[in-house]
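Chemist: These are the residues of each chain, in order.
2 protein chains.
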Amino acid sequence: MKSMTMTLMGQTGGIITPVVISQKTIIIIYGLCALTILAAFLYAMYLTKWVRIQPNENTAIKHISGLILSGANAFMKKEYRILAVFSSVFAILIFLFLPKPVWFSDNVGKNLVMASVYLLGTLFSAVAGKIGIYVAALANARTAEAATQGIRPAFRIAFRGGAVMGLLVVGACLLGVMGVMILIGDATVLLSFSLGASSLALFAKAGGGIFTKTADISADLVGKVELNIPEDDPRNPAVIADNVGDNVGDVAGMGADLFDSNVASMSAALVMATMLDGGIGANAMMVFCYAAIGLLASIFGISTARVSENGSPTKALNSSTYVTTAVFLLLTALTTYLYPGFQWRIWGASTAGLLVGVIIGLVTNYFTDGDFPIVKKVAHASKTGPAFTILSGISYSFISVLPAMVGIAISSLVAYTLCEPLGPGYGMYGISMAAVGMLSIVGMIISNDAYGPIVDNARGLAEMGSLGEETIRTADELDSAGNTVKAITKGFAIGAAGLTVISLLGAFISEVNEALIHMGRTEELLTGFNIMDPKVFFGILVGASIPAAFSAMLILGVEKNAQRMISEIHRQFDEIEGLREGVSGVEPDYNRCIDIATAGALKELIPAGLMTIIATILVGLIGGVYAVGGFLLGNIVTGLLLALFMSNAGGLWDNAKKYVEAGNEGGKGSEVHKSAVIGDTVGDPFKDTAGPSINTQITVVSLVASLLATVFLIFSIF
Amino acid sequence: MKSMTMTLMGQTGGIITPVVISQKTIIIIYGLCALTILAAFLYAMYLTKWVRIQPNENTAIKHISGLILSGANAFMKKEYRILAVFSSVFAILIFLFLPKPVWFSDNVGKNLVMASVYLLGTLFSAVAGKIGIYVAALANARTAEAATQGIRPAFRIAFRGGAVMGLLVVGACLLGVMGVMILIGDATVLLSFSLGASSLALFAKAGGGIFTKTADISADLVGKVELNIPEDDPRNPAVIADNVGDNVGDVAGMGADLFDSNVASMSAALVMATMLDGGIGANAMMVFCYAAIGLLASIFGISTARVSENGSPTKALNSSTYVTTAVFLLLTALTTYLYPGFQWRIWGASTAGLLVGVIIGLVTNYFTDGDFPIVKKVAHASKTGPAFTILSGISYSFISVLPAMVGIAISSLVAYTLCEPLGPGYGMYGISMAAVGMLSIVGMIISNDAYGPIVDNARGLAEMGSLGEETIRTADELDSAGNTVKAITKGFAIGAAGLTVISLLGAFISEVNEALIHMGRTEELLTGFNIMDPKVFFGILVGASIPAAFSAMLILGVEKNAQRMISEIHRQFDEIEGLREGVSGVEPDYNRCIDIATAGALKELIPAGLMTIIATILVGLIGGVYAVGGFLLGNIVTGLLLALFMSNAGGLWDNAKKYVEAGNEGGKGSEVHKSAVIGDTVGDPFKDTAGPSINTQITVVSLVASLLATVFLIFSIF
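From first to last, the protein sequence lines are chains A and B.
One point on numbering: in the numbering used here, the residue at position 353 of the first sequence is 354, and numbering is uninterrupted.
One point on numbering: in the numbering used here, the residue at position 425 of the second sequence is 426, and numbering is uninterrupted.
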C-alpha cells in the first residue's frame with residue numbers, strides 16, 4: 002500500500018507518517034455524523050409537516066396542483082421503470098466484471114457487494130428525488146395561496162418546501178457513504194455507490210431536462226407566440242407538462258445531480274484518504290467531519306432564511322448562503338484545530354475550494370443578472386435583430402468561461418501546493434478536499450435551487466387559479482429571485498463537478514495501480530499521463546469531443562420532442578371544441594402532452610448516454626489505461642468549458658428577455674422583445690438540458706473508467 | 002545532442018543511427034527545390050499575364066473593380082502600417098530575449114538573426130498577400146465579362162487568378178524556409194520566421210475576417226432586410242466594402258493563414274529532424290523533398306483544372322484536388338523508395354496525414370453541403386422559427402466535430418506508431434511529417450479557396466455592371482461551387498493546424514531541453530507533461546479557455562463594428578439625395594464604409610491578439626515550462642474543437658439558407674427563409690472571422706511559448 006501511495010504522484014522520496022487516531026475517535030466521529038444525519042432528517046420531516054398544515058383551500062389550485070403532482074409521478078414512474086431495467090443490466094455487468102472479471106476473481110463476494118452497492122446508490126437518490134417532488138408539489142399550491150398575503154409568508158413556504166430536498170439529498174449522501182464505509186470498509190466500493198448515483202442523475206437530469214424543455218418550448222411557441230395567450234393559461238394543453246417539467250427538471254434533476262457530485266467528491270476523497278491512511282484513519286475521518294459540518298451549517302443556514310415584508314427574496318436566499326458558508330468555515334477551522342495532528346493545510350485546501358465556488362457564483366451572477374451591464378448589452382444588441390441577440394449572447398458566455406476556468410485551475414493548484422508538503426499523495430488528497438469543501442454547503446444550494454420551481458409553479462397556479470393581478474405580481478417577484486439564484490447554483494454545481502473529476506482522475510490512477518499490484522505487474526505502476534504519449538494524446542482528442550456530441554444529442558432530442566408535442570397541441574386546439582375560445586368546463590387533454598414529453602425524453606436520452614459510455618469503453622479497449630487517462634482529461638476540459646458556456650448563455654438570454662419585458666429597449670411586444678424571446682428559446686435547452694447534464698456525463702465517464710480499470714489492463718489492444 | 006533526442010519522448014533505450022546522406026545529395030535536393038520554386042513563380046507570372054490579357058471592356062465593371070482594388074489596397078496599407086509598428090516592437094523584443102536574454106547571451110549575433118528572420122517572415126507573407134489581391138482584382142472583372150460567354154471561360158479565369166495566390170504562397174514558404182536553412186543552418190531560427198508569418202496571419206486573417214463580416218452583415222441587414230434591395234446593389238454604400246472584404250478576408254487572409262500553417266509545419270518537422278540528424282541530414286532533407294513534391298503536384302493539379310461546357314465547377318475543383326493528391330502520393334512514394342535508407346514508415350506517416358485531411362474535407366462536406374441530409378434538416382427545423390435554426394445548426398456542428406477530432410487523433414497515433422520503431426524521437430518526427438503531408442497540397446487548396454472570392458466579386462460586378470440575368474445565373478453557379486469548396490478548405494486548414502501544433506508541442510520540448518542543456522541543468526530535462534502535475538493541469542484549464550474568449554472577442558468586434566457601419570449606411574441613405582431612389586449619377590460614399598470597416602477591424606483585433614499572447618506569458622511566468630506545456634495542450638484541444646465547430650456551423654447555416662432560397666421549405670421570402678437568414682447571419686462571423694482565426698491564435702501561442710522557453714526557465718515563479 003505504501004509503495005502505491007508513494008508512486009501516486011510520481012514522487013519517490015519521503016515517508017508517509019499518517020496521523021494515528023484511535024478507534025474510539027473514529028466511533029465518536031461516526032456517531033456525530035449519524036446525529037447530524039438524524040437532525041437533518043428530523044428537520045426535513047418537521048418542515049414537511051409544517052408545509053402541509055399551511056392553508057390550501059382554493060379548489061381550482063388544488064385541482065391543478067394535483068394534476069402537476071400526478072404528472073410528475075407519471076414521469077418518474079416511467080423513468081424509474083426504465084432505470085430499473087438499465088440499472089439491472091448494469092448491476093449484472095458490474096457483478097461480472099468488477100472489481101475484477103468474476104472468472105479471475107478470488108473473491109466473488111466482492112463482486113456481489115459492488116453490484117449491490119451500485120443499486121443502493123440509485124435507490125438512495127431515487128427516494129430522495131421522489132420525496133422532494135412530493136413536498137415541492139405540496140408547497141407550490143400553498144405558496145400560491147400565501148402569495149395573496151404577501152411576499153413574506155409565500156417565500157417562507159416555498160423556501161421550506163425546497164429545503165426538504167436539500168436536507169434529504171445531503172443526509173442520504175452522507176448516510177450512504179458512511180454506511181458503505183462502516184459495513185464494507187473499502188473506499189473502492191464507494192465508486193460503485195457513486196456510479197449508482199450517477200446513473201440516476203443521468204436519467205433525472207438529462208431525461209428531466211429534455212422533458213422540461215420540451216414542454217416549456219412547446220407551450221411557449223404555441224401559446225405565447227402563435228395564439229398570443231398568456232403564459233400558464235389553462236387552455237394550453239402543454240401547461241401542466243410545463244409545470245411538471247419544472248419539478249422533474251429542477252427539483253428531482255438538480256437534486257440527483259448534486260447528490261451525484263456530492264457522493265463522487267466524497268468517494269474520491271475517501272479513496273485517496275484510505276490509501277494515505279492504509280485503511281480508515283485520520284484522513285478518511287477528516288472527510289466525514291467536513292461533510293457533516295457542511296450539513297450542519299446548511300441546517301443552520303436554512304433555519305435562518307426569511308424575508309422581511311417588502312424585502313428582497315434574492316437577498317434572503319443569498320444571505321442564508323453566506324451564513325452557511327461562514328458557519329462552515331468557522332466550524333471546520335475549529336474542528337481542524339482540535340483534530341489529532343492539526344493540519345491547517347487541509348482546511349486551507351477545503352477553503353480554497355469553497356471560495357472558488359463562491360467566486361464562480363459571483364461571476365455567473367455578473368454575466369447573467371439584469372442589474373449588471375452584460376444583460377443590458379445583449380438586450381441592446383437585440384435592436385439589430387435576433388442574430389445579434391444570439392451572437393452577443395454566445396460571445397459573452399464564452400468570455401464568462403474564462404474566470405471560472407481560471408478559478409478552478411487556481412484552486413486546484415493552491416490545494417495541491419498547500420497539502421503537498423504533508424507527504425507524497427497529499428497533493429491530490431488536497432484537491433479532493435477542495436472539492437469536498439466546495440460541495441460542503443450543497444444542502445443550502447439545493448434548497449435555494451428547489452425554491453425556484455416551487456415559486457415558478459406557484460406563479461402558474463396563481464394565474465390558473467385566478468388569484469388576481471396583485472398575487473401574480475408577488476409570485477413574479479419570488480420567481481425572478483429563483484431565476485437569479487438558479488444561475489449561481491449551476492455555476493457552483495459545475496465548478497464542484499470540475500474539482501471532483503480532477504480527484505476522480507486521481508482515483509482512476511489509484512484503481513489502476515491497485516489492480517497492477519494485485520496482478521503483480523508492479524513495474525508498470527502509473528505515475529500519471531504524459532501529454533506527449535500518443536496514446537494519451539489520442540485519448541485527449543477523442544475525450545474532448547464527447548461533451549460536444551453529447552450535449553448536441555440532448556438538444557436535438559429536445560427539438561425533436563418539441564416538434565411532436567407542438568403537433569399534439571395543434572391537434573387539440575383543432576379538435577377539442579371550445580378550447581380555443583375558453584368555454585367554461587372545456588379542458589385540454591393534459592396527460593397526452595405529459596406522455597409525449599415523458600416518452601420522448603427517455604427515448605432521446607438513452608442514445609446520448611450510451612454513446613458516452615461506449616466511447617469510454619472503446620477508447621479503453623483500444624488504447625488501454627493511458628488512452629483512458631487522456632480521454633478523461635479531454636472530457637473534463639471541454640466538458641467544463643461547454644457546461645459553463647451553456648448554463649451562462651441560457652441564464653443570460655433568459656434575463657435579457659426579462660430585462661426587455663421590464664420595459665427596457667422597447668419593452669414587451671417590440672421587435673427587440675421578439676429577438677430576446679428567440680435568444681431565450683435557444684438558451685432554454687442550453688441551460689436546463691445540455692449544460693447541467695454535462696456534469697453528470699463527466700462523472701459517469703470517470704466512474705466507468707475507474708471501475709473498468711482492471712478490464713482495460715487485461716484486454717486492451719495497444 | 003544525443004542525450005536530448007533520447008529523452009525527447011521519455012525513452013531511454015536505443016541508439017540513434019541517422020541515415021547519412023552526402024553533401025552532394027543535399028545540394029542536389031536543394032537545387033531541385035529551387036527549381037520547383039522557380040517553376041511555381043514562373044507559372045504564377047504566366048497566369049497573371051494570361052489573366053491580364055483577357056477582355057475587360059465594360060466601363061462600369063472597370064470602374065467598380067477599380068474601387069474594389071483601391072479599397073483592398075487601402076485596407077492593406079493601413080493593416081501593414083499597424084503591423085509594421087507591431088512587428089517592430091516584437092522584433093525588438095525578440096532581439097532582447099531570443100534565443101536567450103541578450104544580457105546572458107554569448108552570441109548577440111544570433112539574437113539579431115532571430116529578429117531579422119522574424120521580420121522576413123512577415124515580409125514574405127505580406128508580399129504574397131499583396132500580389133494575390135492584385136491578381137484577384139484583375140481576375141474578378143474579367144471573370145464577370147467572361148461569364149457572358151458561359152461557365153467555361155469564366156471558370157478558367159477565376160481559377161487561374163486564384164491559383165496565382167496558391168503558387169506564390171507555397172513558393173514563398175519553401176523559399177523562405179530553405180533560405181533560412183541554407184544561410185543560417187539552424188532550425189530553431191525557423192520558429193522565428195514562422196512567428197513572423199503568424200503575426201501577419203493574425204492581422205490578415207482575424208483583421209480581414211472582422212473587416213469582411215462587418216461589411217457583409219451591414220450591407221445585408223440594411224440592404225436586403227430593411228430596404229429590400231438586391232445583394233450587390235450599387236446604391237448600397239457598403240457594397241464595395243463587402244466585395245473588398247471577400248478579397249482581404251478570403252484571398253489575403255486565407256493565404257496568410259495557410260502560409261503560416263505551412264511554415265509552422267515545416268519548421269516543427271525541421272526542428273525535430275535536425276535534432277535526429279544532429280544537423281542537416283537525411284531527415285531534414287526529407288522534409289524538403291516532401292514539401293517540394295507537394296508544390297510540384299499542385300502545379301500539375303492547377304494546370305489540369307478545367308470545366309467542360311455545362312459541367313460542374315465544384316467537380317472540376319474537387320477533381321484537380323484529387324489529381325494533386327494522387328500525384329503527391331505517387332511521387333513521394335517513388336522518392337522515398339529511391340531515398341538513401343528507404344524509410345517507407347515516414348511515407349506512411351505523411352500519407353496518414355494527407356488522407357485524414359481528405360477525410361475531414363469529406364466530413365465537412367457531408368455536414369455543410371445542401372446535397373446531404375443535415376442541411377435539409379436544419380432548413381426543415383427552421384419551420385418552427387429561428388430559434389430552431391440556431392439550435393439544430395449548433396447541435397449538428399457540435400456533432401460534426403467528433404469525426405474530425407477522432408481523425409486527427411488517429412492520424413497522429415498512426416504516424417507516431419509507424420515511425421517510432423525507427424528510433425527514439427522518430428515518433429514525434431512522424432507526427433510532424435503527417436502535418437507536412439497534410440499541408441503538402443496546400444498550393445492546390447489555396448487556389449481553390451481564392452477562386453471563391455473572385456467569383457463572388459464577379460457575381461457582384463455582373464449585378465452592378467448590369468450584365469443581365471443569364472450572366473448573373475452563371476456567376477451564381479460559379480459562386481456556389483466556391484462556397485462548397487471553401488467549407489472543405491477550412492476543415493483542411495484546421496486539421497492541418499491541429500497536427501502542426503502537436504508537433505509544435507514537440508518543438509517546444511526540444512527548445513526547453515536545448516536551453517536546459519545550455520544552462521547545464523541537464524537533470525531537469527523534460528520528457529513530457531504529466532496531466533497529474535498540478536502546474537500542467539493549471540495550464541491546461543487556462544489554455545482551454547483562451548480560444549473561447551479569443552473568438553468571442555472577435556465576434557463582438559464584428560458586432561460593434563457592424564453597428565458603426567449600419568449607422569453610417571443609414572446616414573448616407575438619409576442625407577444623400579436621390580440615393581435611395583437610384584437617381585442616375587448619384588453614388589454613395591463607398592470609401593467611408595471601407596474606412597469604418599478598416600479602422601474598426603484593426604481596433605477590435607488588437608485586444609484579442611494581445612490577450613492571448615499576454616496569457617501565454619503570464620502562465621509561463623507563473624507556472625514555468627510545465628504550466629506552458631499544459632497551456633498549449635488546452636489551447637490546442639479546445640481551439641480545434643471550437644474552430645471546427647464554428648467553421649462547420651457557418652457553412653451549414655449558409656447552405657441551409659441557399660437550400661431554402663432554391664425553393665425548398667417555402668422558398669425565398671417565406672418565414673422559413675427569414676429564419677434561415679438569421680442563422681446565416683449568426684454563422685457569418687463564426688465561419689469567416691472567429692473559426693479560421695483560431696488556427697492562427699493556436700500557432701501564435703505555440704510559437705511564443707517555444708521562443709520564450711528560455712525566459713520561462715529563468716524567470717518563472719514556481
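Everything labelled a hint here was simulated from the structure, so no lab data went into it.
Some clues are possibly wrong.
Put simply, identical chains are the same to the list, so a pair is met inside one copy or across any two.
Said to hold, decoys possible - Computed list of lysine-lysine pairs in DSBU-like fashion (alpha-carbon distance at most 30 Å, straight line):
| hint | residue 1 | residue 2 |
| --- | --- | --- |
| 1 | K63 | K377 |
| 2 | K659 | K561 |
| 3 | K50 | K79 |
| 4 | K561 | K675 |
| 5 | K561 | K78 |
| 6 | K78 | K378 |
| 7 | K377 | K225 |
Chemist: Tell me, please, which holds for K561 and K78 at an alpha-carbon limit of 30 Å: within, between, both or neither?
Modeler: Cα proximity of K561 and K78: one copy only (23 Å, versus 51 Å across).
Chemist: Are the CA atoms of K659 and K561 at most 30 Å apart within a copy, between copies, both, or neither?
Modeler: both (27 Å within a copy, 23 Å between copies)
Chemist: Tell me, please, which holds for K78 and K378 at an alpha-carbon limit of 30 Å: within, between, both or neither?
Modeler: neither (44 Å within a copy, 33 Å between copies)
Chemist: Within a copy, between copies, both or neither: where do K50 and K79 come within 30 Å Cα-Cα?
Modeler: within (28 Å within a copy, 73 Å between copies)
Chemist: Between the shortest in-copy and the shortest cross-copy C-alpha distance, which are at most 30 Å for K63 and K377: within, between, both, or neither?
Modeler: For K63 and K377, neither the intra-copy (39 Å) nor the inter-copy (46 Å) Cα distance is at most 30 Å.
Chemist: When no copy is specified for K561 and K675, does a C-alpha distance of 30 Å or less occur within a copy, between copies, both, or neither?
Modeler: Classified as both: same-chain Cα gap 23 Å, cross-chain 21 Å, threshold 30 Å.
Chemist: Given a CA cutoff of 30 Å, do K377 and K225 count as a within-copy pair, a between-copy pair, both, or neither?
Modeler: both (23 Å within a copy, 28 Å between copies)
Hint compliance for this structure: hints 1, 6 are not met, and every other hint is.
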